[in-house]
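Peer 1: If you read the protein sequences in the order shown, they are chains A and B.
The numbering of the first sequence is UniProt numbering, which starts it at 1 and goes up by one.
The numbering of the second sequence is UniProt numbering, which starts it at 1 and goes up by one.
Since the hints were derived computationally from the structure, they do not count as laboratory data.
Within a straight-line C-alpha distance of at most 30 Å, the following computed DSSO-like cross-link-like pairs (lysine-lysine) qualify:
id : chain 1 : residue 1 : chain 2 : residue 2
1  : A       : Lys309    : A       : Lys253
2  : A       : Lys402    : B       : Lys105
3  : A       : Lys402    : B       : Lys84
4  : A       : Lys372    : B       : Lys84
5  : B       : Lys84     : A       : Lys440
6  : B       : Lys105    : A       : Lys378
7  : A       : Lys372    : A       : Lys436
8  : B       : Lys68     : A       : Lys509
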Amino acid sequence: MLIRTLRFYLLFFVPVLYSCTYTENKPEQMRLKIGDSIAWAAKNINEEKWEESNGINGHEIFWLRDHFTFDSVLIKERPLALHIVALGSFEVWWDGHPIGKNGKVGPSKTEEQPGKHSSYYLLPDSLAGPGKHVLAMRISNFYSIANRSFYNVRVANYVSILRFPLMYSSFMYMLTGVFLIVSVYYFFLYAANPKEQSFLIFALICTLFLLLILVEYIPVVWSYRYDVQTVRLEIIGVLSFCVAFLIPLFLYKQFFSAGLLLLSLLWVSLLLGLYVYFHGRYDFTEQLLITSMWAGSLLLTTLALIRKKVGSRPVFTALFLSGLLGCWLYFDYTLFLSFGLVILSMLYLLVLRSKAIDQAYQAALVHSERLKIDLLRKNIQPHFLMNTITSVIDWVEESPKKGVEFIEALALELDILGQIAEQKRIPLEQEIALCKSHLKVMQFRKEIHYTWEDQGIEEGDTIPPAILHTLVENGITHSTPLTDGTLAFSLRFEKNLQAKVYELSTKAKLNKAVKQREGTGLQYVRARLTESYGQNWSLESAAGSGGWITRITIYKK
Amino acid sequence: MKVLIIEDEARIAARIERFLLELMRSSGVSVTICGSLSEGIEFIRNHPPDLLLLDLNLNGENGFEVLKSVTAESFHTIIISAYKEKAIDAFNYGVLDFIPKPFDKARLSLAMERLVNKEKTKGAGVKFIFIKKTGNILLFRTEEIQYIKGSGIYTEIHFRNGRTELHDKSLEKLEQLLPDYFLRIHKSYIADSRDFEKILVQAGSKYQVLLKNGEVLPVGRTRYEELIHQIRL
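Whole structure, please, built from the sequences with the hints as guidance.
Peer 2: So, in structure tokens, the structure goes:
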């Protein structure tokens, strides 16, 4: 299923991105000179003392001259337009003719009015003939907060130059929509199930990822001041850093469990090192972080694959494919495409996880139903029912009055069992009432004098249903009364800061045949304790002085 | 008649005892009650009764183990149990009767009549024969028995494969338990009628039956007519 989805994903996006190409022209030469002279706007001037560069450090007023050659192929694309990306305000001349300006150039920060980072200028066909052309820009960059400012120019068909970014970004925004829904969905899942940290991590990854796409492609739809560009790049850096941290963390959590904290500390310090060391080299840093993330994830997944972890194969495939894409396509697209691939495979892991959770839930449900049935069966199983009925008949025949008493005791026991059958925990008082009514019934059947005493019982304390009852049943089955014909049960309750202790002792002669092996009774007790307290309980059952002692300890979490 | 009741429900044990004493007043009966299985088994070892009334939880793991050991004994066993659906299994293992709980005096009386009148058990008869031998209990399928010969208070069971084993039950008691195709042909013989080849009449009104494997068994004079009638050879 995952592979089919991946195939669709690739078949859909890759050709679409490939179709988004068009003919464009970039400058053959770029010359820069610090200073200011309107004469430098002319088409032909002596550029001997001009620096060969398209960017400067620091804040200046300066000129840039870009040389183009238009061939017949480009001419066919008319009308043409210039797309200028600049960290500065400027005025622009084409072959000596002024064709536009961006903000207001000034010799100082107070006199400059900052322009947009990205701007477009239509080239009249009369100025766009075949042959050599010169673009001259008068620039000031006092608002720049970057160490170095760059000035890039492209020429292409007027419509294509506007439409192309819209085309490829629209697909990226589609991707954003997908991840928006997935992230919201997993945030909700996490809210409903706070124990599942993977849901949170995944929702975060999806959110960061969609923010990353938004920030990356925002220039297409929002024309912002040139100084905002640096802020935008910083944000991209931080987002890449977070994603590069979280994706391998998520994979590690899915495949392995031990040493998560140590490993994530190591990983975050490695990424932080890269981030700080290469800070300011925006695209490069981003690429480095993402490549590290990829390498880290691939390493983890390979380990998982070797250890045959569930779901490691599709994740490995996705990482491998994204690696291939990375070698094949320009970084901008690959980043998001391969991210998309990896996140799809992670989604698959989460689906597996959800399936496991669902199965565990179903199993727990079935288990609870089982216990409920076990409880209800206690008093309709033939051994109890038929022996009781036979004894009732006998009592009725011999002494109707006693018979009625017996039936009433039985009715009480059945009534309590009926009341508690649906509960996972019941008040301790109710459990004691159940034990007492059972002893009364058994007294009529066995003609043994059963006694019950309890001490230290705390009001409002609860206990899983019929567990003491089960222990009492075991006591009756496995012991013989003392010589005076009595069999005494006593329950002691103790509570301290760490635990609650229920101790039920049976004072009697033990039958020789009491086996070490655990009967179905104790299995029921254990299952009920696990249902209510997870692992936080213990049960000891052993022969003690003058009888049998069973101790249930419930630890505070 | 010595009767042992193994029943852990005091009230029910007393009820059985009371009914027994009322039913068997004329023939004289002594009743012992054991409140637990282990106690009962121990008692049997030293004082074998003439009849065992056993309350057995046949849903438990060792119910049938106990059943095997008691049916290998010389006396008849009647099960009194809450697990009605296990009756057929109990009969297969060789009990004389199965009384489901709750029971009344009439039902117990029926069982006692079956015992006293040496009536055959209901149903298809015992499927497995258990034999005590050197401390173990061996299991044989009733199907494998060719004939049984009375030998004092014991019986010799002859299997088709030539094997012979001694059983503690008398010929009369086994006859009650065995399926219908086992016929009493002689005061000392019971044989599987499906194995009869023909009946030989010798000089001096001496009758014999020839088995398919060539073996010849004696037929009692008084039983000849009945036998002819039953098998129509």
